[in-house]
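Number of protein chains: 2
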Amino acid sequence: MSSNGQKIMEWSERLAQYSEPHWAEKNQLTCTYLTPAHLQTAREIKSLMNEAGFDEVSTDAVGNIVGVYRAASSSSSSGSSIADATATVKTLMTGSHYDTVRNGGKYDGRLGILIPIACVAELVRQQRRLSYDFEVVCFSEEEGQRFRATFLASGALTGDFDPSWLDQQDAEGVTMRSAMQAAGLPGDLTEIIKLKRDPEKYIGFVEAHIEQGPVLFEGGIALGVVTSINAGVRAICKVTGTAAHAGTTPMTMREDALLAAAEISLMAEKRALQDEGSVATVGQMQVPGGSINVIPGECLFSLDMRAPFDGQRDALVADILAQAQSIASRRGVKFECTETMRASAAPSNLKLQERWERAVKSVGQPVFKLNSGAGHDAMKLHTIMPQAMLFVRGGNRGISHNPMEIISQEDATLATQAFMALLDDIETHPFS
Amino acid sequence: MSSNGQKIMEWSERLAQYSEPHWAEKNQLTCTYLTPAHLQTAREIKSLMNEAGFDEVSTDAVGNIVGVYRAASSSSSSGSSIADATATVKTLMTGSHYDTVRNGGKYDGRLGILIPIACVAELVRQQRRLSYDFEVVCFSEEEGQRFRATFLASGALTGDFDPSWLDQQDAEGVTMRSAMQAAGLPGDLTEIIKLKRDPEKYIGFVEAHIEQGPVLFEGGIALGVVTSINAGVRAICKVTGTAAHAGTTPMTMREDALLAAAEISLMAEKRALQDEGSVATVGQMQVPGGSINVIPGECLFSLDMRAPFDGQRDALVADILAQAQSIASRRGVKFECTETMRASAAPSNLKLQERWERAVKSVGQPVFKLNSGAGHDAMKLHTIMPQAMLFVRGGNRGISHNPMEIISQEDATLATQAFMALLDDIETHPFS
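Taken in order, these protein sequences are the chains called D and U.
Numbering of the first sequence is given in my numbering, commencing with residue 1 and proceeding in unit increments.
Numbering of the second sequence is given in my numbering, commencing with residue 1 and proceeding in unit increments.
If you are wondering where the hints come from, they were derived from the structure by calculation, not from laboratory data.
Being a predicted model, the structure only gives us computed values, none of them experimental.
Hints are not guaranteed to be accurate.
Which copy? The list can't say, so a pair holds if one copy fits it or any two copies do.
Said to hold, decoys possible - Taking lysine-lysine and the DSS-like style, the derived pairs with C-alpha atoms no more than 25 Å apart in a straight line are: (1) K334 <-> K270; (2) K270 <-> K238; (3) K351 <-> K369.
The following block holds chain D by itself, in its conformation from the complex (with noise of 0.2 Å):
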């Protein structure tokens, strides 16, 4: 098993040969949806599949591309479509997305995917079926990069691929349909509807990701068992205050819009910092316009706020805005703050989780707990079916959307491991 890890470093090199521009020329791995580099993605990733050994490998009508592994009792073990499962077999799902953030790094996303067509070679070279039908699917899009349409490809399997992105355009005015029907894909709705999934016919979703954050690396841990992902409200804000000469106008005489801002950053730090999990950034700020010596008048800034349960984000957004509120009336300047994203809060099935815990237990590590700051495409299986995360510890401090990502081999293999464990925890203890 120890040659899992090597494989996995290798077949991330593979897929991250395919870039715009390319990574041996600019050291930069950018892989948007349907772009040729894209699209040579999938044809590598399909090889990969074919190679390890799975009954089935297709591409649905989003880019998606679906590899099954039929269970030992299904019905066939070659040629039955997913909607043909039998009642008594039931599917276990895996997958993550193979684009990539633009300079983005080899692991997000596409370890999720490696890592079980890893477990699924390892199954065809001990000749073991499953009591259950195991499914990869390698998401298309999760970035939302080349159109704003986030996780429309597992959205696609949940019922929530939104209509209009057909007819949305990228930066180039492609349409969506077109980019689609020029990769081969229908680009036509009907055919899109269908890709939602029953969830009846399914245990349940797992997905193993690259931690993109620094609490395993810090703490010298290998995987983390994802409790929750956050959820998360964004906002753009806008301080008014009057912009007056910096040289002639008092201390005390003062609105200045830029330190009401300075003020609502540290208080969100500090608000935030009173949970447990939840976090606040306010990533952006400007002064349009300002100048060295001018009083700003006007101070634009972006608010993030995350936390693991939907309850306890709404106490942070709200203490938040009320301070913020506060902060501008004392300081006599005028606060005004636009929502621009609301995301629920996806806490894992427990079951799975302890399934998860229990198999990272079995291969020597510590169970260690952590609630999950980025989405991912769990949170959209969520909406359908029970969902557990597994997270594997990043290097360089856990640096992620960025070339620096890199996970360790030894890494790969205990993730590898710690799923083979889980697949067999649920061959030997089936859902009642």
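Here the structure of chain D is known, so what remains is to put chain U in place on it, guided by the hints.
Using the frame of chain D, we list chain U on its own:
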């Protein structure tokens, strides 16, 4: 005397006709060095001076309009040049600038030209001459808008004209030398050097100016006696932290560049508030390439720090920079600071300041003293002769560098009366 305010209001409108774009079209006043609007303004000022009855009105080698009203005992009440002034008859110099910032106000600079012109008109009407020569210099450049050569006009009188400025280009690639020659000026350094004044021949320099701040307006006071023009330091600052995922990086594991900058901004405010007359302003702030969901890895901001005296300014700057370092160090980020400007304070000559105090009192106004947060031509003259300034209240909470800059006719009348009183005071109580 009550019509002087009205005259000044009318003359201000006359000068404001010349703008690019035109005031009437865009409600904008922009008059930068040696542009067509600037040359038309200069011609209009010469007409005003000739109408008022100055003995000599000329344009010097940097475009200053110089008007002289000769003393009763002057070697000649017409024809003799400034440099020929006899040892026994000294000169009082006054003046201010007629250029503006882009989209500026009608009174910034120009009020300090129009008040003494009104005084000369009044002296002529009374058929009075003073016991000293009265020289009104209308400075062609103070705002540093077209060329990076702020105070070039008053600098020429103090020997601070930088020869390299002649080769400096404006945004269209026109050198200052070409601009001067196109305007009919020699564009020749030798001629500019000759403009340097001999301090031995001068009583000193006085300047009336709109306050450009809210202090007189908020205090309900028409006139203010300036005690000092603030010392200042400007700096560009950079905080370097670590960009990381806003969702996945716990609050306790962040090296957020923006939060350090926010804390530094609030600390600078608090530190400036501890002093009488100090100000500190962060006018610009940005997170280069910042995203709503990324912890800022870098933050750039400006610092403008001013105080009435050099020592107070130095302590302010030293404290702010030291505290900035300790904030950065506590937050695990790097703070760097590059000084871009350092100007010494110009405290008023106490005897000349007392003359303004007596003048203000003599017109029935309370003596209110304040320091100037903005720089003025008097700052340059300060380097070679005694100087003291009078501030006139601005309406609209003292807004300046803005088309909303305004003064009342009543205040213009009071300022002219006070200026006449100052001229009388120097007449009655000559310098020993």
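Hint by hint, here is what the structure shows:
Taking the shortest Cα distances, K334 and K270 sit within 25 Å of each other both inside one copy (22 Å) and across copies (21 Å). In this homomeric assembly, K270 and K238 come within 25 Å of each other (Cα to Cα) both inside a single copy, at 20 Å, and across copies, at 23 Å. Taking identical chains as interchangeable, the C-alpha atoms of K351 and K369 lie at most 25 Å apart only when both belong to the same chain, with a minimum of 14 Å there against 77 Å between chains.
Hint compliance for this structure: no hint is broken.
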